[in-house]
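Asks: The primary structure of each chain is shown beneath.
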Amino acid sequence: MALTKSLRTLYLASYNWILFFGWLQTLYLALSALKKTGFTSVYAAVEKPLQVWQTSALLEIFNGLAGIVRSPIIATLPQIGSRIYITWGILWSFPEIRQHWLVTQLVLSWSITEVIRYFFFALKETFGWTPAFLLWLRYSTFFVCYPTGIFGEAGLVYLALPYMKNSDIYSLRMPNKFNFSFDYYYASVVTLLSYIPGSPHMYNYMIGQRKKALGKGKKKSH
Amino acid sequence: MWVTVKSRSGREIIKGAPLELSDDATVDDLKKAIYKHTKKYYPSRQRLTLPLRPGQDRPTVLESGKQLKDVFEKSNSGEVVFKDLGPQVAYSTLFFWEYVGPLVIFPIFYFFPVYSLFSLPPRKTTHPAQTYALLYWTLHYAKRIYETFFIHSFSHATSPVSNVYRNCCYYWSFATFIAYYVNHPLYTPVSEKQMYIGFISGLIWQLANLYCHIILKNLRSQGKGGYQIPRGFLFNYITCANYTTEIYQWLGFNIATQTVAGYSFLIVAALIMTNWALAKHRRLRKVSYVVNMIVFLFKSTNLCAQSIFVMSTRRFTDELS
Chain A
1 MALTKSLRTL
11 YLASYNWILF
21 FGWLQTLYLA
31 LSALKKTGFT
41 SVYAAVEKPL
51 QVWQTSALLE
61 IFNGLAGIVR
71 SPIIATLPQI
81 GSRIYITWGI
91 LWSFPEIRQH
101 WLVTQLVLSW
111 SITEVIRYFF
121 FALKETFGWT
131 PAFLLWLRYS
141 TFFVCYPTGI
151 FGEAGLVYLA
161 LPYMKNSDIY
171 SLRMPNKFNF
181 SFDYYYASVV
191 TLLSYIPGSP
201 HMYNYMIGQR
211 KKALGKGKKK
221 SH
Chain B
1001 MWVTVKSRSG
1011 REIIKGAPLE
1021 LSDDATVDDL
1031 KKAIYKHTKK
1041 YYPSRQRLTL
1051 PLRPGQDRPT
1061 VLESGKQLKD
1071 VFEKSNSGEV
1081 VFKDLGPQVA
1091 YSTLFFWEYV
1101 GPLVIFPIFY
1111 FFPVYSLFSL
1121 PPRKTTHPAQ
1131 TYALLYWTLH
1141 YAKRIYETFF
1151 IHSFSHATSP
1161 VSNVYRNCCY
1171 YWSFATFIAY
1181 YVNHPLYTPV
1191 SEKQMYIGFI
1201 SGLIWQLANL
1211 YCHIILKNLR
1221 SQGKGGYQIP
1231 RGFLFNYITC
1241 ANYTTEIYQW
1251 LGFNIATQTV
1261 AGYSFLIVAA
1271 LIMTNWALAK
1281 HRRLRKVSYV
1291 VNMIVFLFKS
1301 TNLCAQSIFV
1311 MSTRRFTDEL
1321 S
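One line per chain: the protein sequences are A and B, in this order.
Under this note's numbering, the first residue of the first sequence is numbered 1, with each subsequent residue one higher.
Under this note's numbering, the first residue of the second sequence is numbered 1001, with each subsequent residue one higher.
Simulated from the structure, these hints should not be mistaken for lab results.
Heads up, some of the hints might be wrong.
Interface residues of chain B toward chain A, partial, derived using beta-carbon atoms under 7 Å [unchecked claim]: (1) Ser1044; (2) Tyr1181; (3) Leu1186; (4) Tyr1187; (5) Thr1188; (6) Ile1255.
Label pairs and their calculated CB-CB ranges [claimed, not checked]: (7) A:Leu214 to B:Val1114: 38 to 44 Å; (8) B:Tyr1170 to A:Ser14: 39 to 45 Å; (9) B:Ser1075 to A:Met1: 46 to 52 Å.
Glycine included, C-beta positions come from ideal geometry on N, C-alpha and C.
Just chain A, with the same shape it has in the complex (with noise of 0.2 Å):
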């Protein structure tokens, strides 16, 4: 039992860090880029890393089905589902649309909130404990990189709507054996306008997750 628990524990840690460094290094090259020649060249400096690092984030879906990690995988798969539809589906499906300063925005809010939440899980892993400053900011964050990452994805979205319409990438037509069709840009749309009603709630879920980590907090230092 010990030994399970040491090796959860390894994994776990392993995990954090090597995630903590990955959007750490994708932070920087973002921000070099942005520095060095502008945000049209943000995408292509950051490309592969962010691929990697954020399609690794499947694995918590598998850590939250296996019972390693205690999350329930219903509030992680949406996240970690229109994570990978922005990355692959639309960044990497329509290069039409890489240059938009959109980009840097997503880009950034989602390493700043990506560094610190892994950096938070890697040393609680790690050591056990995270300094309370970590803890508020990972809790505070949010407030503003949130509706940033948010109306990013959103906005890239609709950006890719007409390149999905004339290209019938990732369709399937009737008839076929499986009697089954499928339509990307349709189903862009409609994730589009999932965003309306799924943002105010990730939000709330968000600020009720604060209230719960850092009220407990106030309690004890009265």
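Based on the hints, put chain B in the right spot on chain A.
Replies: Chain B alone, transformed into the frame defined by chain A:
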């Protein structure tokens, strides 16, 4: 018999003096008295429990039919914790609304030119599979409605109104999803042989399912409430054989019609029923369930594969329910 009624937060529901009831009053009498007093909370909306004792993680629910003096520690007074379950509907109402949607929606896609809404031309030729699918599907849901009113015997059980919205979303959405593809102008049927195998085996499983429901209904008419273990027919080998027959019946439909929509419905329905059956199986085993039973569905290898699949997705569906 004096009864104090409080909410879970400690607030007194019946303000002033405790309720006065006769010494051999039952839980139902108490609920009626609470209803009379509060005017809002009719009995099926009330969930009464004893106060949570230290060490318990779930409070004891007061069951219908029991006498209060047997439930309380003291024989002449007690305290109950009240929970409002919200507006309730009868199970038959819930089932009716769930099933009437699919019953109506499928024929709409078959008979009416709805595909013009999707900029598609109307069906040029109707495949026999599509007509049989219409008959099979409407028979299935007509059967379900018939069973709701003439076969199933519900106890006092009611369901929150919110379940009507939730369940109707589930049934009606899947019905639309499946009806759209089966009745599509560009629908591709399977071979005639496969179609017949699908529909005919499906019909046989539907008959078996009806028989299972009759067996279950007769359990209740044998008197006492509580858990009665069904016997006879498939119930000798399978817990929740009614779910087994239902799942295989849908499999028949899908073998015959072959749509992603239909198969996805089969998978979701099977997952839901598997969860219910596992819970039922666990409950029955606690009530010293001697006969060697296997949890409903498939035998040996299939069961293993299925259990592994279900275990890994259980957390997902648990959170959904």
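Asks: Compare the structure with the hints numbered earlier in the document and write down the numbers of the violated ones, lowest to highest.
Replies: Going through the list in order, the structure violates hints 1, 6 and 7 and respects the others.
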